[in-house]
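*Asks:* For reference, the chains in residue letters:
There are 2 protein chains.
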Amino acid sequence: MGKNVLLAQSGGPTAVINSSIAGAFDAAAESADIDEIYSATAGIQGVLSENFINLSKLPSEKIKMLRYTPSAGLKSCRHILPSDDEDIEYKKIFDILEAHNIGYLFYNGGNDSMDTANKLNKYAIKHGFDIKVNGIPKTIDNDLFGTDHCPGFGSAAKYLNVTLQEAAYDTYSYLDSKTVIIMETMGRNAGWLAGAASLAEYKGRQIADFIYLPESAFDLDKFLSSISNALDRQTMVFAVVSEGIKNKDGLPLFTSNKNPQDKFGHHQLGGLSSFLAGEVKKHIIKRVKTVNPDIAQRCAAHMMSGVDYEEAYKAGYMSVKFALDGVSGVMSAFERVSNDPYEIKIVPQPLELAANTEKLIPQEWISSSGDNVTESLKDYVRPLIMGQVDIPFKNGLPDYFAF
Amino acid sequence: MGKNVLLAQSGGPTAVINSSIAGAFDAAAESADIDEIYSATAGIQGVLSENFINLSKLPSEKIKMLRYTPSAGLKSCRHILPSDDEDIEYKKIFDILEAHNIGYLFYNGGNDSMDTANKLNKYAIKHGFDIKVNGIPKTIDNDLFGTDHCPGFGSAAKYLNVTLQEAAYDTYSYLDSKTVIIMETMGRNAGWLAGAASLAEYKGRQIADFIYLPESAFDLDKFLSSISNALDRQTMVFAVVSEGIKNKDGLPLFTSNKNPQDKFGHHQLGGLSSFLAGEVKKHIIKRVKTVNPDIAQRCAAHMMSGVDYEEAYKAGYMSVKFALDGVSGVMSAFERVSNDPYEIKIVPQPLELAANTEKLIPQEWISSSGDNVTESLKDYVRPLIMGQVDIPFKNGLPDYFAF
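Sequence order for the protein chains is A and B.
For the first sequence, counting from 1, position 400 maps to 400 in the numbering used here; every step adds exactly one.
For the second sequence, counting from 1, position 397 maps to 397 in the numbering used here; every step adds exactly one.
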């Protein structure tokens with residue numbers, strides 16, 4: 001009799017996170033060594049509460065639908081395992097895993113989730129449990145170490161570029177109304193998403209005149225004078241700002257994207273883009289628009305990157321393959337073999353590498369002025385937004401699946 | 001020798017406004033009575049400044065690209081013609097039209113634009129100019145009289161529903177975190193766009209628990225108690241609000257969507273949704289998300305409604321056909337012949353009907369509680385969001401066209 005598989009997700013969802021689950025499911029279903037394929041509902045919390053679903057009993061049609069459904073189909077949590085590896089929580093988890101004859105656990109998430117998988121793997125080894133634990137990375141933030149890029153990033157990057165491009169066409173509908181457009185992207189510490197928005201073009205020219213990243217100190221006065229100078233030269237000025245931009249002391253401009261009290265002491269109900277728009281209105285020009293894709297950038301499965309969708313699937317698939325080959329304590333990482341033509345291979349990387357670390361944009365990919373990105377960053381991102389996914393629609397809307 | 005055609009656009013752009021121009025172009029190109037097809041750049045302003053482009057000289061490939069490109073491809077303006085029909089501006093316009101041998105003028109826009117077309121048509125008749133002037137309607141607000149619905153509305157409605165649906169999947173990633181989600185839609189006086197967002201479903205159930213329309217008096221205390229009561233029953237509560245909601249005295253909650261001073265006297269940098277989110281945070285629960293599609297709802301050609309795209313084309317096509325049949329002073333209006341199966345016919349309606357009027361949601365399509373819509377409204381909107389448009393991509397992004 002074979003062992004059973006358990007799949008779980010945690011952390012912030014993405015457009016392709018379920019594609020990874022579909023990949024892991026398919027690899028497990030192909031294996032004669034595996035009996036049942038379970039999911040735990042809401043990550044490690046679902047393990048602790050024994051909230052399992054037997055995916056093997058699901059009509060195969062549902063797994064196909066789950067694959068293109070955005071956001072954590074297995075439900076997510078933000079539970080962090082105790083740092084004390086003798087904490088009673090671990091024993092409880094492994095008792096439950098044993099009771100369900102789980103031989104393989106695959107944990108799909110960002111750096112906190114890789115930390116969870118890492119802790120579980122170490123505990124299994126230390127206490128002699130015959131359970132392989134591997135990670136399947138995902139994060140729109142693209143900030144995991146040990147991998148060229150992360151599943152979820154390409155789709156978010158594509159959506160942001162499409163949104164910026166369409167906003168530019170909208171703005172250029174008017175010939176001579178000087179306008180400032182500020183698009184805010186996610187990314188608390190790493191500016192990959194803001195930087196990625198450098199790809200959108202209008203008439204062959206990069207739309208984003210300025211890109212403000214958490215990796216470069218943000219100076220409000222310099223921001224205002226840059227906008228003002230640009231308005232002397234051109235009619236429309238586009239700025240992309242990462243929600244995580246920081247001042248020269250490394251303090252975020254906002255303690256939280258939606259914090260009612262900004263660092264300047266103003267009462268602030270909107271987010272960063274609203275604040276910056278208010279400053280531009282006060283000091284430069286009244287005609288300012290904000291574009292705030294907010295959660296849409298991480299869940300817009302209707303505009304997934306085909307490359308991202310396929311790679312996310314393969315990351316899940318390979319995570320299971322590594323485990324079946326006896327490898328545990330790794331995540332599926334991408335190694336870029338070639339950029340043009342684009343080619344990657346998927347390699348096992350120790351979970352230790354990704355757990356709780358953050359990969360920032362290298363300084364040489366940021367323009368010397370600190371307010372834009374270089375061609376190298378664009379070359380890096382470009383292959384990741386390629387291809388579209390033709391998802392099924394029903395009654396005019398995407399036909400997604402929910403348990 | 002035949003006459004020439006002049007095409008122009010004005011008002012706020014939509015995702016399908018250029019599809020109407022492509023339809024008008026094709027109908028004109030098919031006619032032996034027509035020589036050249038010009039466009040005026042930036043509406044009536046482009047006429048006044050003789051800023052014309054000869055579209056007949058453009059490679060036909062470009063018209064095909066223009067068709068699926070969002071936002072006013074011919075550029076837009078917000079110029080209103082003088083109410084004094086002997087104003088010198090009219091003489092100037094008709095001198096220019098005569099100089100270019102324009103026999104047909106097609107004006108593509110919302111109610112202000114239909115007013116412009118109407119004034120020009122009356123002037124032509126009064127002064128004996130052999131120029132036919134027809135309107136091609138468009139407005140995401142869907143508030144034109146004399147037509148069942150307006151080109152542009154279906155695509156905006158589809159985009160809003162897709163965005164709400166994906167936001168719901170994102171929100172439901174977490175099992176037990178009570179959350180309030182507020183999505184703001186456009187619509188200053190008519191609530192069609194907010195009402196349309198009633199179609200999005202999660203697990204077969206309407207996502208929007210509450211829909212606040214300009215047609216129903218908005219009461220902040222009632223809003224807060226509705227949200228609070230709903231949170232007692234369920235984990236996630238979704239509210240859709242039209243930017244134009246008004247209090248019982250008919251005063252808008254915000255004088256402008258982005259007005260820094262709200263009606264409550266608070267300093268306000270964000271929009272309406274930020275303000276309402278702030279009130280919910282203050283009085284009910286901290287976990288509130290806003291979804292603000294903003295200009296994306298009117299320019300997201302990547303998520304056009306197939307029905308809207310085709311109907312916009314036909315509206316342009318028929319506007320020219322009517323003129324070639326000798327009919328002037330009309331706009332192409334939709335008459336719904338049947339709802340299931342959906343079928344419309346395109347009929348000429350006097351411009352007078354649409355000019356400067358606003359069609360609101362009928363009271364019987366608003367729930368008696370005033371905070372949602374009825375099945376009748378959903379039945380009305382549903383056919384308009386059907387079908388997708390497979391637009392070409394280049395380097396992973398939509399391959400749009402700009403002059």
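Just to be clear, a hint being listed does not mean it is correct.
Just so you know, same-sequence chains aren't split out, so a pair can sit in one copy or run between any two.
With a Cα cut of at most 27 angstroms, we get these calculated DSSO-like pairs of lysine-lysine [unchecked claim]: (1) K122 to K91; (2) K359 to K62; (3) K91 to K3; (4) K62 to K222; (5) K57 to K126; (6) K203 to K64; (7) K62 to K126; (8) K222 to K281; (9) K345 to K394; (10) K64 to K126; (11) K394 to K203.
Quick caveat, the hints were computed from the structure, so don't treat them as lab data.
Just so we're clear, the structure is a prediction, and the values are computed from it rather than from any experiment.
*Asks:* Are the hints correct? Go through all of them and say.
*Replies:* Verification of the supplied hints:
Only within a single protomer do K122 and K91 lie at most 27 angstroms apart by alpha-carbon distance; the minimum there is 13 angstroms, versus 85 angstroms between protomers. In the homo-oligomer, the alpha carbons of K359 and K62 never lie at most 27 angstroms apart, since the shortest distance is 35 angstroms inside one protomer and 43 angstroms across protomers. Taking the shortest alpha-carbon separations for K91 and K3, only the intra-copy value of 20 angstroms comes in at or below 27 angstroms, while the best inter-copy value is 86 angstroms. Neither within a single protomer nor between protomers do K62 and K222 lie at most 27 angstroms apart by alpha-carbon distance, with minima of 52 angstroms and 41 angstroms respectively.
Proximity of K57 and K126 under a CA criterion of 27 angstroms is satisfied in neither setting, with 33 angstroms inside one chain copy and 76 angstroms between copies. Taking identical chains as interchangeable, the C-alpha atoms of K203 and K64 lie at most 27 angstroms apart only when they sit on different chains, with a minimum of 17 angstroms there against 39 angstroms within one chain. Taking the shortest alpha-carbon separations for K62 and K126, neither the intra-copy value of 38 angstroms nor the inter-copy value of 66 angstroms comes in at or below 27 angstroms. Taking CA atoms no more than 27 angstroms apart as the test, K222 paired with K281 passes inside one copy only; the shortest distance there is 15 angstroms, against 33 angstroms between copies.
With identical chains, the CA atoms of K345 and K394 are at most 27 angstroms apart between copies only, with a shortest distance of 25 angstroms across copies and 36 angstroms within one. With identical chains, the CA atoms of K64 and K126 are never at most 27 angstroms apart, being 37 angstroms at best within one copy and 65 angstroms at best between copies. For the homomeric pair K394 and K203, the shortest alpha-carbon distance between copies (13 angstroms) is at most 27 angstroms, but the shortest distance inside one copy (35 angstroms) is not.
The structure does not agree with the numbered hints 2, 4, 5, 7 and 10 stated previously, though it agrees with the rest.
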